[in-house]
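Take each chain as given, in its own frame, and dock them per the hints.
Each chain is listed here by its residues.
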Amino acid sequence: MADQVSNYKCPNCGGPLRFDPASQKLKCEYCDSLFTQKEVEEFYRPSEEAAAAEGTDQKWETETGEWTAEEAAHMRAYSCPSCGASLIADENTAVTVCPYCSNPTVVAGQFVTKKPQFVLPFQLDKDKAVEILNDFYKRKPLLPKAFSSRNHIEEIKGVYVPFWLYNGVMECRMDFHAENVRQFSHGDDIVTETDHFKLVRTGTVTFSGVPADASSKMPDEYMDAIEPFDYSKLKDFDTMYMAGYMADSYDVDAEQDRARSESRMKASAVRAISSSVTGYTSVAPVSTQITRLDGAAAYAFLPVWLLSTKWNGNTYLFAVNGQSGKIAGDLPSDTALAIRFFILITLGVFVVTAIILYFIGGGFL
Amino acid sequence: MRKTRFLSTVLVALFFLIGLVLVPIRTSAASANVIDEAGIFSTQQLLDLDDLAYEISTRQQCGVYVVITDDMHGYSERSFAEGIFMNYDLGFGEGEGASGVILAISYGDRYYDCYAYGAAGDTFTTSTLDDLNDLAYQHLVNGDWYGAAESVIKRGDELLTSTGYQYYVPVYTDPPINQHITSTSPEERRNAFLSRLPFASLGSAAVGGIVVAIMRGKNKNIGVATNADRYIIKNGVRLIDSKDVFVNRTRTVTHIARSEGGGGGGGGGGHSYHSSGGVHSSGGGHF
Numbered sequence: 000m001a002d003q004v005s006n007y008k009c010p011n012c013g014g015p016l017r018f019d020p021a022s023q024k025l026k027c028e029y030c031d032s033l034f035t036q037k038e039v040e041e042f043y044r045p046s047e048e049a050a051a052a053e054g055t056d057q058k059w060e061t062e063t064g065e066w067t068a069e070e071a072a073h074m075r076a077y078s079c080p081s082c083g084a085s086l087i088a089d090e091n092t093a094v095t096v097c098p099y100c101s102n103p104t105v106v107a108g109q110f111v112t113k114k115p116q117f118v119l120p121f122q123l124d125k126d127k128a129v130e131i132l133n134d135f136y137k138r139k140p141l142l143p144k145a146f147s148s149r150n151h152i153e154e155i156k157g158v159y160v161p162f163w164l165y166n167g168v169m170e171c172r173m174d175f176h177a178e179n180v181r182q183f184s185h186g187d188d189i190v191t192e193t194d195h196f197k198l199v200r201t202g203t204v205t206f207s208g209v210p211a212d213a214s215s216k217m218p219d220e221y222m223d224a225i226e227p228f229d230y231s232k233l234k235d236f237d238t239m240y241m242a243g244y245m246a247d248s249y250d251v252d253a254e255q256d257r258a259r260s261e262s263r264m265k266a267s268a269v270r271a272i273s274s275s276v277t278g279y280t281s282v283a284p285v286s287t288q289i290t291r292l293d294g295a296a297a298y299a300f301l302p303v304w305l306l307s308t309k310w311n312g313n314t315y316l317f318a319v320n321g322q323s324g325k326i327a328g329d330l331p332s333d334t335a336l337a338i339r340f341f342i343l344i345t346l347g348v349f350v351v352t353a354i355i356l357y358f359i360g361g362g363f364l
Numbered sequence: 000m001r002k003t004r005f006l007s008t009v010l011v012a013l014f015f016l017i018g019l020v021l022v023p024i025r026t027s028a029a030s031a032n033v034i035d036e037a038g039i040f041s042t043q044q045l046l047d048l049d050d051l052a053y054e055i056s057t058r059q060q061c062g063v064y065v066v067i068t069d070d071m072h073g074y075s076e077r078s079f080a081e082g083i084f085m086n087y088d089l090g091f092g093e094g095e096g097a098s099g100v101i102l103a104i105s106y107g108d109r110y111y112d113c114y115a116y117g118a119a120g121d122t123f124t125t126s127t128l129d130d131l132n133d134l135a136y137q138h139l140v141n142g143d144w145y146g147a148a149e150s151v152i153k154r155g156d157e158l159l160t161s162t163g164y165q166y167y168v169p170v171y172t173d174p175p176i177n178q179h180i181t182s183t184s185p186e187e188r189r190n191a192f193l194s195r196l197p198f199a200s201l202g203s204a205a206v207g208g209i210v211v212a213i214m215r216g217k218n219k220n221i222g223v224a225t226n227a228d229r230y231i232i233k234n235g236v237r238l239i240d241s242k243d244v245f246v247n248r249t250r251t252v253t254h255i256a257r258s259e260g261g262g263g264g265g266g267g268g269g270h271s272y273h274s275s276g277g278v279h280s281s282g283g284g285h286f
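Heads up: the sequence lines are chains A and B, in that order. Numbering of the first sequence is given in numbering that gives the first Met the number 0, commencing with residue 0 and proceeding in unit increments. Numbering of the second sequence is given in numbering that gives the first Met the number 0, commencing with residue 0 and proceeding in unit increments.
Hints listed in this document are in silico derivations from the structure and should not be mistaken for laboratory results. Hints may be right or wrong, so weigh each one.
Claimed, not checked - Mimicking BS3-like on lysine-lysine, the simulated pairs with C-alpha atoms at most 25 Å apart in a straight line are:
1. B:Lys217 <-> A:Lys325
2. A:Lys234 <-> B:Lys217
3. A:Lys197 <-> B:Lys242
4. A:Lys325 <-> B:Lys233
Computed from a predicted model, the values in this text were never measured in an experiment.
Excised from the complex, chain B in its bound form (with noise of 0.2 Å):
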């Protein structure tokens, strides 16, 4: 009786545990340039720094960002950027053919990192993102919030037009990254995976109460006989009597709707064959 109240205190603890770990579900920040999660620029500052990334990126035709979120959302530090770039949805362009480059910072965990996609990768190579990262630690490290953002934005400018830039869409030779990965942040997967632990722990209580009634059952082997199939003695069925008729035959049409259009070929037509679509910096760092 001690272990059985042992296990279900063990069992009502793992779904404690499980509450504890329960956290709000964040929800992606709105469509801007410049996404100031942590509060740190005034609204005139975000506004400038908005309006200055805006301009560039419609004129390059490629997004240039600058994110400073609270936390890692759960990210590791190699795909923080990375995640934050898919999960916020940016670039300039839909889907594939999205292209743009980000300066993420985490402002709790004071950590930043680079990272380009789609055409943008042409220009924002990882040594160029490395410079990118190392011009915006120069400003990170003496809390100039401001001056990194804009330093890496106007630096981005001038990458674009120093490299001849012009936005395509590229064809990619491997799926991009795993899109349902790449389209939550691990905390939309975390609070995924938490909204359907109750009816796993109720699907998992099913099953024991299955078993443990099989369990029960093995114990009784006794039943009343319903028929006396075993006593029809040898050649004991006698069929007299057998007759099948035709009645009537019924016909039903169901009209099948075709869709429209469909196939398409494929094909054709980028500048050039990225294998991802993802540009990576070295590694991002901490100030």
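So that you can see chain A by itself, here it is in the shape it has in the complex (with noise of 0.2 Å):
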């Protein structure tokens, strides 16, 4: 649902309505103006109809394909009995390892997926991707020596993971209270003058591709770290790039997946809109709404390096974007390090401040 602000608010400012007994009118308690029910419902007639637009949202168009006997005959589909993961990889893709939880025990499965409409190829090989995810390790001082220097880099796998491309048109109405704050001296008195200004703005954005991850198994966060991927290189798919890869079978469909875009575009429309108010000492948004005008989903494979790895009983995975080399991942830190590090910079900090106290104070030694 799109967000509908529609309450009564002075049209002029924005400001609080109350029922005036004296005028018999609704009367602003910030700039006192005076309006009928009357005037105030026509003020707001277009924005409730807006609101009301919303609920008639258009269904997201989704773009999916169904695979071919040919085609499917030569796939293999396989689930993990740990994670629930669901995996197809080409008949000559040995899949052993689930590339979510390490479990070793993948079974054979039932082959059920959807073909992807388009599919991203991966643009970086094992070996760089293992290189990237040695440079992660660097640079982070409480990374546990053991963790780093287990050796689980052979298991990282080249993974397909199943994407909604959004492509929408949100509509967004704004209304503003802005002032401009003019301070002048006169005689012994200070003077300030505020301008107060209702604005309001109506604008479309368009946006295309905003990604989600179909695969519930996929932490969103990781996808969403590892973005952008670079549309320009989508190739219709073709089976021919599942050859050494695995992918993951979506099993959350565009409509599921789509709350979290729109949620996404709506941030963005309403920045994108704002940024259009400039020129004031200060600006306040009264109402928003907005509308999808129109939206799409097209079903992608995208390129990632999974590795997970198990350490001191808890599960990490790592997620390298197969095109740009992106990382993401959550490393585990080593608590007493943490601690030492803490009591080495307390006890540092604590002796300059001493020092600078002690010269400040004009020394007593």
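What follows is the structure in structure tokens.
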């Protein structure tokens, strides 16, 4: 649902309206403007209509395909009994370890996944991905030595992660209350003059390819962190790109993922429209209405190098963008090392502070 | 883990040592011409000496003082007499107009020294102060505390008379001395310093915590995206309607109270110029 704000506020300045018994009208407590109820309703009718129209957002047009019998014949499906991941690979690619949880007992599964419309082929090879991962371990003073010294890197897997790529047009109407403040002295007085303005901005913002991963096994924060992908390299899907890699089957459909991508689009639309307000001392948004005018989602496989490893009973997952090399991960921290650093830094800062205080205070030795 | 425990012990030990050096705050003695913190003089002796010094000080318009302390109050030997004079706010006249001479004796350290400030510096030059030191020493070395005090007070009176001393407010070409340092004893500054250390330690711990939190944060670079700015197509933002409507103007007036007077030129009128206001002897001595 789009944001919907259509409560009765002062049409002039956005301040709250209260019924004024003396005038029998609605009165703004802020700028003292008076309105009849009819006038206020007339003013807000367009907003209410726009808000009501949000319920009529068009259904996302979803673009997926079906595997041909020949294509399906050369693909194999697997499932992980440990985490439930559903994977596919071409018939020549052995899938022995789950890329999400490192479980080594992956079993054959049922081939039910939809065929993606696009694929972004891997552009980084495994060696480069390993190099990036090694670099990621560097300059991490709190990383446990035992963690980085253990060699799990050969288990890195190239996975095509299913994504929905959303296109959409957001229409955004925003009302603002803005002020310009001028201050000057007049004799022994300081005079502050404040000009109040009501601003209206309406515009559309067009988005293309907002990604949302379509796998419930893949943590969203990892996939968001390795963005962006260069869509100019997108290809129509062909099983040839699967050779040597596995793919995760989507289990989150375009409608389920829509809220996440729309939320991102709305935030950006608000920011883009707000940025058109300039030249005021202060600006505060009073109301915002966002309506999606158009939208479509395409199903695509995007390349990700995945490494999952266990340490001290916890599973740590790392993801490397198979195109740009951007890495995302959550490394463990050595608590004892953190305490040691804390004590050393505290001591160091304390000594320096004490020396400064000593000299500022005039000394006493 | 062992290193961590060691560092923790060092931290605790550091704060413990700071606690050990904490000493009670001393307060300045009450205003008098003869001050005996060490309890050397009998009450009668103290009254007699104080009456004598007070009478001379009033008549000559120059403070004459004898101060016996328990210890050096944290001062070096060089600054002991000056520090006592300043810290006890001695002198005939106020502030930079103060004029006086002091014999300061540390009972515990068996150290003595003379110092003069203000207009008294015209009479009590370094060589004169050395003479007063010698005079005091002759008595102190024999344990004659009363004699030392009395002889210095009387000799001071004679010198003021013989040199034709007259009180005036000197004009100083330099700031007399660092006001903060002269108005506080080293012990007071130490106590002020120590009183700030708990806050310094809290601040240091906060800095340490923030730095470690940042270091921990470097181990994690994942996060949910909250916007889609990079997916806005080129020229994808289209403004359909843009209205800026002036509503009203509000005006507030704040009256600024002007301070009275002020300004006022300076100047004028001292008989002579001192660079700092104080005169030291060549050095005090032990007895």
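Hint by hint, here is what the structure shows:
A hinted pair counts as satisfied when its Cα atoms are at most 25 Å apart, and Lys217 (chain B) with Lys325 (chain A) qualifies at roughly 15 Å. As the CA atoms of Lys234 (chain A) and Lys217 (chain B) are separated by approximately 35 Å, the hinted pair breaks the 25 Å bound. As the CA atoms of Lys197 (chain A) and Lys242 (chain B) are separated by approximately 8 Å, the hinted pair is consistent with the 25 Å bound. Between Lys325 (chain A) and Lys233 (chain B), the direct Cα distance comes to roughly 24 Å. Compliance with the 25 Å bound is thereby established for this hinted pair.
Hint check: a violation occurs at hint 2 only; the rest are consistent with the structure.
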